[in-house]
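Colleague: For reference, the chains in residue letters:
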Amino acid sequence: MSFINYASREINCKIVYYGPGLCGKTTNLQYIYQKTDPTAKGKMISLATETERTLFFDFLPLALGEIRGFKTRFHLYTVPGQVFYDASRKLILKGVDGVVFVADSQEERLDANIESLLNLEENLEEQGYQLEKLPFVMQYNKRDLPNVTSLDELRKLLNPDGVPEFEACAMTGEGVFETVKAVAKQILMELKKGS
Amino acid sequence: MFGPQSSSFVMYEEELSQINAVLEKLLRESNSKVIFLVDKNGQLISSVGETEHLDTTSLASLTAGNIAATGGLAKLIGEKEFSILFHEGEKDNIHISIVAGRVILVVIFDQRSSLGLVRLRVKKAGEELARIFVELAQKTEELEKAGNAQSPFAEITDDDIDNLFK
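From first to last, the protein sequence lines stand for chains A and B.
Mapping of the first sequence onto the numbering used here: position 179 corresponds to residue 179, and the numbering continues sequentially without gaps.
Mapping of the second sequence onto the numbering used here: position 95 corresponds to residue 95, and the numbering continues sequentially without gaps.
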C-alpha cells in the first residue's frame, strides 16, 4: 500500500524481493546500493545471521526523483529465502506494492524456485492480495553459471502469464537495474490507474 | 481505507499539522528526546525532537518489523497483539505503542524522563492521535466516494516515469 503524503509532497512505495534461499535477493539490493548516488539512497539494513543468511529482511530506501512535484521513494525489502522462515516472510509482504521474484537459474534449484513461487502466491492470498493483480516482474538470476535451465523451460514453469522478465547476474549487476525499474514503473502505472 | 484492497494511505497537510501538534506536546510533557510516528508498513509519517543525527527512515522500517514480529508472537499465544513494547538501553530507552490499531508511536527518552511518565503521557496522546486518524480515514473515504480523490499521478505519462530512471 503506497503512502501519499500531501504535506511533504512525497510518495512511498514498497517493493519486495522474493525467491528461494541463496537465489541472490540480497545481492540484488547490495548491487543497487553500491551503484546508487549517495544522495538518492539511505542506509542499507541487513538483519542476517553470522553466516550472512537473511534472518528477517534487508531494507534499502531509494529516492528516484520527482514526478509532478512529488518525491518518489521506493522501499526495497528482501525476504529470508530459507523454507523454515515462512512466518517472517508473511510479515514482510504486508503492505507490498510490487514484487520481484528472483529465480535461481541453476538446474538443481528448479524445484526450489517452483516451491518458492507457490509459497509467494499462498502468502499473498493470506493477506488478501492476488499475485496476478500486483505489479510483478520475474528475474532469472545466475545466467552466467554453466549448469542453467533453459530460458524456455524457466518461462514455462515460472512465468506462464508472461510478466516482464529479465536475465540477470546479480553479482556483476547485469539485469539488476532493469528489474527494479520494471517493477517501479508498473507500480507507478498502477497508481495512475487507481486514482 | 486501511485494508489490503485499498491502494494508498493518504496524508493531508491539515491532519499532519494536527498530528505534529500532538507529538510536540507529548515531547514536552514526557521530557523525551525524539518521537516518531510510523505506519505499520514501515513508512515514516512524522518525527519531532532531536532527529538530526538519527536515521529516521531505518528506524521506521525496523520499528514496523519489530511490531510485525511481536504481532506474530502474540498470535501464536492467542493474543491479538502486544500494544506496548519497551526496550531499555544503558542511556536511551524506546517505548513503542500501537495507536488506533494501525500506526506506531515511538518515544525515545533518557534519564531526564521515566517509563511511568512516558506511559502516562503516551496514553493521552494516543487517544488524541486515534481521533485524528479516524477523521483522516473518514475524510479519505468521503473524497473517494465523491470522486475527488484525484491522485497526483492521474496524469503522469510514460515519459515522466522514464525520466526518473535517467
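Source of the hints: derived by calculation from the structure; they are not laboratory data.
Check before you lean on any hint, since a few could be wrong.
Below 27 Å or equal to it, Euclidean Cα-Cα: the simulated DSSO-like pairs (lysine-lysine) are [to be verified]: (1) B:Lys40 - A:Lys193; (2) B:Lys145 - A:Lys192; (3) A:Lys90 - B:Lys40.
Colleague: A separate judgement is required for each hint: does it hold in the structure or not?
Modeller: Here is what the structure says about each hint:
Between lysine 40 (chain B) and lysine 193 (chain A), the direct Cα distance comes to roughly 25 Å. Compliance with the 27 Å bound is thereby established for this hinted pair. Straight-line distance between C-alpha atoms of lysine 145 (chain B) and lysine 192 (chain A) comes to about 18 Å, which keeps the hinted pair within the 27 Å bound. For the suggested pair lysine 90 (chain A) and lysine 40 (chain B), the alpha carbons sit about 14 Å apart, so the restraint of at most 27 Å is met.
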